[in-house]
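Number of protein chains: 2
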Amino acid sequence: MTKPTDRSKIIRSPNRAHYDAESLYRVLDDGFLCHVAYNYMGSPVIIPTAYAREDDVIYIHGAKKNRMMNSLLDQGQATVSVTHMDGMVLARSAFHHSFNYRSAVIFGKPFLVEYLDEKNRVLELITENIIPGRWQEVRKPSAKELEITLVVGIRIQEASVKIRAGSPMDDEADYELPIWAGEFPMKLSYEQPITDNAGISDLKLPPSVKNLLD
Amino acid sequence: MTKPTDRSKIIRSPNRAHYDAESLYRVLDDGFLCHVAYNYMGSPVIIPTAYAREDDVIYIHGAKKNRMMNSLLDQGQATVSVTHMDGMVLARSAFHHSFNYRSAVIFGKPFLVEYLDEKNRVLELITENIIPGRWQEVRKPSAKELEITLVVGIRIQEASVKIRAGSPMDDEADYELPIWAGEFPMKLSYEQPITDNAGISDLKLPPSVKNLLD
Chain A
1 MTKPTDRSKI
11 IRSPNRAHYD
21 AESLYRVLDD
31 GFLCHVAYNY
41 MGSPVIIPTA
51 YAREDDVIYI
61 HGAKKNRMMN
71 SLLDQGQATV
81 SVTHMDGMVL
91 ARSAFHHSFN
101 YRSAVIFGKP
111 FLVEYLDEKN
121 RVLELITENI
131 IPGRWQEVRK
141 PSAKELEITL
151 VVGIRIQEAS
161 VKIRAGSPMD
171 DEADYELPIW
181 AGEFPMKLSY
191 EQPITDNAGI
201 SDLKLPPSVK
211 NLLD
Chain B
1001 MTKPTDRSKI
1011 IRSPNRAHYD
1021 AESLYRVLDD
1031 GFLCHVAYNY
1041 MGSPVIIPTA
1051 YAREDDVIYI
1061 HGAKKNRMMN
1071 SLLDQGQATV
1081 SVTHMDGMVL
1091 ARSAFHHSFN
1101 YRSAVIFGKP
1111 FLVEYLDEKN
1121 RVLELITENI
1131 IPGRWQEVRK
1141 PSAKELEITL
1151 VVGIRIQEAS
1161 VKIRAGSPMD
1171 DEADYELPIW
1181 AGEFPMKLSY
1191 EQPITDNAGI
1201 SDLKLPPSVK
1211 NLLD
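Chains as they are written, first to last, in this note's numbering: chain A, 1 to 214; chain B, 1001 to 1214.
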């Protein structure tokens, strides 16, 4: 990872900015959904997709002809964004309302993951990043499934992390106002699983699902 | 809104694609966080930000010198993405794992919201889209605060919506396997608010917060 250049340098609220690998990896490892941008006919296009990080590489996958992933490979550059919404920050003034969040914007170099065993390994990484323990519970990919799957790594070249946490910051005079202020935390939570009854019945919930429910 | 052109047409799983305004507005009105892309020094940059929709316009705001918003205005085009993660789809095979989601990718024309009363109105829209009822509880923006706030509308020109819902779709043979499959729903949920004790004490939780907690 290089130093931030103009495109990744955070201008607004620079006190919330981080550029070190540790801060970046912490944000990435707390999520599994990213937004990827590429240029198409002169416009940026944004596509949401699942990912996993390993060292300084973010892995994504898709169908063999996936336009986003093929465009990334053609263009030799990728922009990836990961955002965790941690809560609302409710101030006494409308102006100072904000969010608590952790977000990362990454610029990287895409490369093709070519060999089937390496594809298989990366797909396990992605699956395990979403739901730990699931890989060993399921029917593994066949050679044909691996062949029709496109796996792309994005080597992180430059990145910025922005984090806001904690209580609202109001103007001095507004602290006298009788207006409730505080943090309103949010998180992505799991609800009761819905069993698919199309197959064998009476199967117990697997450990992977149970662990996330707890 | 025009018909989808090549840049917004969905190629993968076209059965999940929608191009009508009603489907789009439903996805937009269910959220308040979008990702906006713009080009900077030849790379797309992605920035998460809050929004509200009114008719065929998505409104965002930021500081007067916000680079993302000024770049959108300079370039005369904006790409916006809104993604709702509704759950995991756990199949019997690794290959058929998926997510249930609703996502929209929008291409639009940015314009500056110039007059202070219109800025004020749009900031109310954005605040109310995030937490209904909050606007009337707080100290409203001063003329100076409105002046240093940049408000941008993005008139939707072209958009695609992609939705997946329901149970996993496995290969015929895999339904015989003794592997639990189903949906694992997820949602963004609110947790207990944390009062900011820096101001007047013993204020009750306001209706805006209580309503989201219920």
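Some clues are possibly wrong.
[Claimed, not checked] Distance ranges between label pairs, derived from CB positions: (1) A:Asn197 <-> B:Asp1117: 55 to 65 angstroms; (2) B:Arg1012 <-> A:Leu112: 34 to 44 angstroms; (3) A:Gln75 <-> B:Tyr1115: 33 to 43 angstroms; (4) A:Lys187 <-> B:Lys1144: 14 to 24 angstroms; (5) A:Ser142 <-> B:Pro1014: 21 to 31 angstroms; (6) B:Leu1213 <-> A:Pro132: 43 to 53 angstroms; (7) B:Asn1211 <-> A:Asp117: 47 to 57 angstroms; (8) B:Asp1117 <-> A:Ser189: 14 to 24 angstroms; (9) B:Leu1112 <-> A:Ile194: 43 to 53 angstroms; (10) A:Lys140 <-> B:Glu1191: 29 to 39 angstroms; (11) B:Leu1213 <-> A:Ser13: 41 to 51 angstroms; (12) A:Asn197 <-> B:Glu1114: 54 to 64 angstroms.
[To be verified] 35 angstroms max Cα-Cα, derived DSBU-like pairs, lysine-lysine: (13) A:Lys3 <-> B:Lys1003; (14) B:Lys1064 <-> A:Lys3; (15) B:Lys1144 <-> A:Lys65; (16) B:Lys1109 <-> A:Lys3; (17) A:Lys210 <-> B:Lys1003; (18) A:Lys9 <-> B:Lys1204; (19) A:Lys210 <-> B:Lys1144; (20) A:Lys9 <-> B:Lys1187; (21) B:Lys1144 <-> A:Lys109; (22) A:Lys109 <-> B:Lys1003; (23) A:Lys3 <-> A:Lys109; (24) B:Lys1210 <-> A:Lys9; (25) B:Lys1187 <-> B:Lys1003; (26) A:Lys140 <-> B:Lys1204; (27) B:Lys1109 <-> A:Lys204; (28) A:Lys65 <-> B:Lys1009; (29) A:Lys187 <-> B:Lys1065; (30) B:Lys1210 <-> A:Lys187; (31) A:Lys64 <-> B:Lys1210; (32) B:Lys1109 <-> A:Lys9; (33) B:Lys1065 <-> A:Lys9; (34) A:Lys187 <-> B:Lys1064; (35) B:Lys1140 <-> A:Lys210; (36) A:Lys204 <-> A:Lys109; (37) A:Lys65 <-> B:Lys1187; (38) B:Lys1204 <-> A:Lys3; (39) B:Lys1210 <-> A:Lys3; (40) B:Lys1204 <-> A:Lys64.
Derived by calculation from the structure, the hints in this document are not laboratory data. What you are looking at is a predicted structure, and each value in this text was computed from that prediction instead of being measured. All C-beta atoms, glycine included, are put in the ideal place defined by N, C-alpha and C.
Results for each hint:
{"no.": "1", "hint": "A:Asn197 <-> B:Asp1117: 55 to 65 angstroms", "in the structure": "holds (57 angstroms)"}
{"no.": "2", "hint": "B:Arg1012 <-> A:Leu112: 34 to 44 angstroms", "in the structure": "violated (18 angstroms)"}
{"no.": "3", "hint": "A:Gln75 <-> B:Tyr1115: 33 to 43 angstroms", "in the structure": "holds (40 angstroms)"}
{"no.": "4", "hint": "A:Lys187 <-> B:Lys1144: 14 to 24 angstroms", "in the structure": "violated (35 angstroms)"}
{"no.": "5", "hint": "A:Ser142 <-> B:Pro1014: 21 to 31 angstroms", "in the structure": "holds (25 angstroms)"}
{"no.": "6", "hint": "B:Leu1213 <-> A:Pro132: 43 to 53 angstroms", "in the structure": "violated (30 angstroms)"}
{"no.": "7", "hint": "B:Asn1211 <-> A:Asp117: 47 to 57 angstroms", "in the structure": "holds (53 angstroms)"}
{"no.": "8", "hint": "B:Asp1117 <-> A:Ser189: 14 to 24 angstroms", "in the structure": "violated (40 angstroms)"}
{"no.": "9", "hint": "B:Leu1112 <-> A:Ile194: 43 to 53 angstroms", "in the structure": "holds (46 angstroms)"}
{"no.": "10", "hint": "A:Lys140 <-> B:Glu1191: 29 to 39 angstroms", "in the structure": "holds (37 angstroms)"}
{"no.": "11", "hint": "B:Leu1213 <-> A:Ser13: 41 to 51 angstroms", "in the structure": "violated (28 angstroms)"}
{"no.": "12", "hint": "A:Asn197 <-> B:Glu1114: 54 to 64 angstroms", "in the structure": "holds (57 angstroms)"}
{"no.": "13", "hint": "A:Lys3 <-> B:Lys1003", "in the structure": "violated (43 angstroms)"}
{"no.": "14", "hint": "B:Lys1064 <-> A:Lys3", "in the structure": "holds (27 angstroms)"}
{"no.": "15", "hint": "B:Lys1144 <-> A:Lys65", "in the structure": "violated (52 angstroms)"}
{"no.": "16", "hint": "B:Lys1109 <-> A:Lys3", "in the structure": "holds (33 angstroms)"}
{"no.": "17", "hint": "A:Lys210 <-> B:Lys1003", "in the structure": "violated (44 angstroms)"}
{"no.": "18", "hint": "A:Lys9 <-> B:Lys1204", "in the structure": "violated (41 angstroms)"}
{"no.": "19", "hint": "A:Lys210 <-> B:Lys1144", "in the structure": "violated (53 angstroms)"}
{"no.": "20", "hint": "A:Lys9 <-> B:Lys1187", "in the structure": "holds (32 angstroms)"}
{"no.": "21", "hint": "B:Lys1144 <-> A:Lys109", "in the structure": "violated (43 angstroms)"}
{"no.": "22", "hint": "A:Lys109 <-> B:Lys1003", "in the structure": "holds (33 angstroms)"}
{"no.": "23", "hint": "A:Lys3 <-> A:Lys109", "in the structure": "holds (16 angstroms)"}
{"no.": "24", "hint": "B:Lys1210 <-> A:Lys9", "in the structure": "violated (38 angstroms)"}
{"no.": "25", "hint": "B:Lys1187 <-> B:Lys1003", "in the structure": "holds (32 angstroms)"}
{"no.": "26", "hint": "A:Lys140 <-> B:Lys1204", "in the structure": "violated (54 angstroms)"}
{"no.": "27", "hint": "B:Lys1109 <-> A:Lys204", "in the structure": "violated (51 angstroms)"}
{"no.": "28", "hint": "A:Lys65 <-> B:Lys1009", "in the structure": "holds (14 angstroms)"}
{"no.": "29", "hint": "A:Lys187 <-> B:Lys1065", "in the structure": "holds (31 angstroms)"}
{"no.": "30", "hint": "B:Lys1210 <-> A:Lys187", "in the structure": "holds (17 angstroms)"}
{"no.": "31", "hint": "A:Lys64 <-> B:Lys1210", "in the structure": "violated (48 angstroms)"}
{"no.": "32", "hint": "B:Lys1109 <-> A:Lys9", "in the structure": "holds (26 angstroms)"}
{"no.": "33", "hint": "B:Lys1065 <-> A:Lys9", "in the structure": "holds (14 angstroms)"}
{"no.": "34", "hint": "A:Lys187 <-> B:Lys1064", "in the structure": "holds (30 angstroms)"}
{"no.": "35", "hint": "B:Lys1140 <-> A:Lys210", "in the structure": "violated (46 angstroms)"}
{"no.": "36", "hint": "A:Lys204 <-> A:Lys109", "in the structure": "violated (43 angstroms)"}
{"no.": "37", "hint": "A:Lys65 <-> B:Lys1187", "in the structure": "holds (31 angstroms)"}
{"no.": "38", "hint": "B:Lys1204 <-> A:Lys3", "in the structure": "violated (47 angstroms)"}
{"no.": "39", "hint": "B:Lys1210 <-> A:Lys3", "in the structure": "violated (44 angstroms)"}
{"no.": "40", "hint": "B:Lys1204 <-> A:Lys64", "in the structure": "violated (56 angstroms)"}
Checked against the numbered hints given earlier, the structure breaks hints 2, 4, 6, 8, 11, 13, 15, 17, 18, 19, 21, 24, 26, 27, 31, 35, 36, 38, 39, 40 and satisfies all the rest.
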